[in-house]
Every structure is written in C-alpha cells, then in structure tokens.
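**Student:** Sequence:
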Amino acid sequence: MEKTSEKNIYFLLFIYVLSILFICSKMSPLYVTNEWADPNIYFNVAKGMVNGRALYTEIFDHKGPFIFFIYAAGYLISNENFYGMFLIELVSWYVLALSLYSSSRLFLNKFISYIIATAFFIFLIKSMKAGGSAEEFILCMEGVTLYLFLKYFKADNPIHKPKYMFIHGLLVTAVLFTKINLIAFWIFPLSTIFINILYHKEYKNFIYNILTFISGALIISIPVVGYLYSHNCLEEAYKIYIELNSAYAKLGTPKNILLRLLSRILYLFLEPTCLFLLAFIGIFLFPLKYIKNIFAKVGIVLSGIILYTVIFMGKFQYYYPIPYLIFGFLGFIYVGMIFQKSFGSFYLNSNKSLIFSMLIFISTCASVAGLDNTRVEAWVLSGENHDRKALMTMKFKNEIMKVNNPTLLNLGFGLANNLFTTCNIVPNIKYFVTPNLSHRFYPQLRDEQFQYLKDKKTDFVIIQQYIPSNGYYEKMDPIDTPYSLKKNPLLLENYKLILTDTIINTIDERAVDVYFLYKKK
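In terms of the working numbering, the sequence shown is residues 1 to 521.
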C-alpha cells in the first residue's frame, strides 16, 4: 500500500532541487560568485543589452540570442550578482524534476520513480562545471518534451492535445534561438507524433496541432526577432549566430566526421554510467521493450542517434553532452522496470524513507560537486587566504574598484570575465572579452581590440596565461598568444602593468592561470 501522496512527493522534489542547487551550483547564494567564464559572458552581454547596447552590433558573443534573454531576466531580478539567475535555475531544475518523475510514473510506482528522478541529478551535477550553462536549460526543456511524448504514446490514443503541441512549439523555438544544433532532439519525436496523427487519419487534429505549434513558436520568435529588428541587428545576428558558428564548427569531410564520431564514443566514458551504459539502454532497449507504437520506437532511436551526432561531431567541451543525459534517464526507467518486476512487493513509500533517500542523494551530489569559494570561507578566512579562497580574482577586483565606474577589456577569456560581474561593470565596448575565435578566423575581433588599446577606451586591460600551456599556445595564431599580447606596442604605450597574480583555477580542472592587470596611463 502506498503511504505518501503525489503532493508530498512534489514538495520533496522541490526541497531536493533547492538543496542540491544551493550546495552544488555556483549561482547559489552559498558562493561568493560563479567565476566560470560562460555564465559571466551571458550575464554581462545581457547587462549590456538591458543598459542600451544592441546585441551583436554593439556587444558581442556568438551564442544564440535567447540565452541572453534568460540572463537579462536574471539581471533584472538582481543586477549585482547571480541571485536572479539562481531563482531561474531553481524553477528550471524543478520543472525538470517534475518532468522526470512524471515520465517514470507512466511506467513505475511512486517510490522507484522518485528514486530515479532524484538519482538522475547526481549525473547532471557531475557533468556540469559550475551551473548556468545553456546546455542545462536545454536539458530542462528536453525533460518536458520527453514527458509529453511518452504520455501521448502511452495513452494509445491518436488524438494529440493541441495545448501540448503549443508547449513543444515554445520549447523548440527557445532552443532554436539558443543553440540551434540541439533542436535535433525534437526532430524525430515531434515528427512521429504528426505521422501517427496522419496515420490514423485525424486530419482536423493534425491541423490544430500544426497551428498551435506555430503559435508557440511565435510566442518566442516575436520578442526575439522584434528586439533584433528594432535594434537594427537582425542581419548581424544572422551573420554571427548562423554563418559564423557554421564556419567555426569546421566539420570537414563526411569521412572525417564519421571517424570523429566513432572515436568520440570514448568521450561517453566521461560519465560512463549515464552517458554510455544507461543512454545506450535508453535509446535502443527501452523503446524496443516498453514502447508499443512503432513510430515512437523509431523516433526515440533516431533522436538518440542524431543528438549524439550533433553533439560529438564538432568542437567539444566536456559539459556539451549534458542534453544527451536525457536518454540516460530512459535507461533509468528500464532498470527501474526490472527492479519493480523482480521486487514488486518490496519497496518503501513512507515520507521517512523518501526523506532518507533524498538526504543520501544530496550528500552524494555535494561530494561530486565539491565546495570551493563559499561564503563560509569568506566569513572565516581573511588576508591572503581570503583572497585565494573566497574569490579567485579578489586581488583584481579590489584594484579595479579603486576607480569610480571602471571599464575593462579582457584580451583573453576565463576567470577574468567574472570581473565584469563582481565589479558591476557595464561593458562599454563591443568586444569586451575574447571568445575562442582566432585572429585568422575572425580578424575583426582582435583588430577592434587593438583599436581600443590605441584609443584608451577602457581603464583596465587584463591578460590571461595558462601555466603550463601544454602546447595550447603553439596551436594558436601568434597574435592571439599572451606572449604576443603582453608585448603589443599599443598596450605598452598606453597602459602600465600594475598587478600580477597566479591563480589555481578550481573551475577549469584546477589549471594554473597567471593574470596580468594593466591600468591606463
């Protein structure tokens, strides 16, 4: 007999998500700040947008526009830190938790569904860097689509509710304007829904679903395109988000792509349980055994294959496979079905047992994430230890904040992006940081930055250097290396070196970075 209600489980899921985010995401108030480069560039591009700078033409990054809209909302909630983004992240992860739990409830009892929904987040936290990536938000959107997809085909009713297709339209378009290649996840699941409707000759329902999908797409598209059009940056947005990123991917010949995809199967062993074993089960075994509809079976298999392809065929960072974890959750359901059939009468479903399992998973998540740069360290430590522990870039922040309304140019990327956040600097130049775009590939970025040096556009300039570089700089254009940047005659003529600091970067695989801060003469 099941002793706890769904309402209690929803509440426990919220407490669980709140707890693991508070402990494991550096967006959390527990941490002084999130010093990872990516969320800081999102946040500060969004800051520039809110303060009147046009995206792509007056403030640059090559990501899709929707991620900046998300961060703009976070900035409006809290413009000096990531607290607003923490609230948005909390809502997103809670939606993911509800979606995963509801998906598993289509096949499993409450207790097992709760266990696998909460256990899944261990693998998410293991795969993320510090919280706030675009991939995490996209995973949350995938979770909603997965639930609606499974619910539709589990009901064995060809009539598809148009309101659900409206939601799909919202999600697909949000991803389209965030990281366009990841809409691959939606192509086959949504296609199989439409095919199934047509197969059963439900033409009116088909039309209603088409119209509601378009309506959902327009809800996202109109404000995004409207913003780009009204700020005269629609053409530039296409050139950067579509053309530049397509050229940057450098996929090569079909043979090269195939060899790369085969070799990168090894990358799945970055998280072998969820990315490899459970994902394989979720893509191939789960639909074969537990999905009756042939269209749905094919849709899951093809969706898994195409998502693997788009994630692994191009340039790679270890957090890129986060959206691929969704298939690992299908593997979780498959394993849960085996457990339920084998031990169907043996499970605990009291509030105490659920809370106990939640505490175990919270502890596991905390051990996976590690605890660096927390406010506890800021309260307890002082002096040199405080500078090193509570905020890796504290020395630079203290120096920059001696100037009223400071401006900054980051000739690199990395931790220095966070100085725009902690010093509350609104970028005053287009190329205020340096994404991983070489001078050979995108010369206008470095050329413009050198013009900023000549014109003394910013009060401060900062340069990053990896120690050791492990051959990293040998692969770069000479003009982009820190050795060349530090010798730039425009920099030496107009700026003076005022501070150097060596930092153990606890976010990027504990790399050792040396930063050089220059001040306008």
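FYI, nobody ran anything at the bench for these hints, they're computed from the structure.
Hints are not guaranteed to be accurate.
As the list claims (entries may be wrong) - Here are the simulated DSS-like pairs of lysine-lysine, each with C-alpha atoms no more than 25 Å apart in a straight line:
#: 1; residue 1: Lys7; residue 2: Lys126
#: 2; residue 1: Lys255; residue 2: Lys292
#: 3; residue 1: Lys297; residue 2: Lys151
#: 4; residue 1: Lys163; residue 2: Lys63
#: 5; residue 1: Lys315; residue 2: Lys255
#: 6; residue 1: Lys430; residue 2: Lys239
#: 7; residue 1: Lys110; residue 2: Lys352
#: 8; residue 1: Lys151; residue 2: Lys352
#: 9; residue 1: Lys402; residue 2: Lys456
#: 10; residue 1: Lys63; residue 2: Lys239
#: 11; residue 1: Lys154; residue 2: Lys341
Unchecked claim - The calculated label-pair distances, taken between Cβ atoms and stated as ranges, are:
#: 12; residue 1: Thr253; residue 2: Asp508; range: 28 to 34 Å
#: 13; residue 1: Phe269; residue 2: Lys292; range: 30 to 36 Å
#: 14; residue 1: His62; residue 2: Lys151; range: 44 to 50 Å
#: 15; residue 1: Thr502; residue 2: Met476; range: 19 to 25 Å
#: 16; residue 1: Val368; residue 2: Phe343; range: 23 to 29 Å
#: 17; residue 1: Ile360; residue 2: Leu270; range: 20 to 26 Å
#: 18; residue 1: Tyr199; residue 2: Lys255; range: 18 to 24 Å
#: 19; residue 1: Asn109; residue 2: Met476; range: 53 to 59 Å
#: 20; residue 1: Glu235; residue 2: Lys487; range: 20 to 26 Å
Note that the structure is predicted; figures quoted are calculated from it, not measured.
Glycine included, C-beta positions come from ideal geometry on N, C-alpha and C.
**Student:** Can you name, in rising order, the numbers of the hints this structure does not satisfy?
**Tutor:** Of the numbered hints given earlier, those the structure breaks are 1, 2, 4, 8, 14, 18 and 20, listed in rising order.
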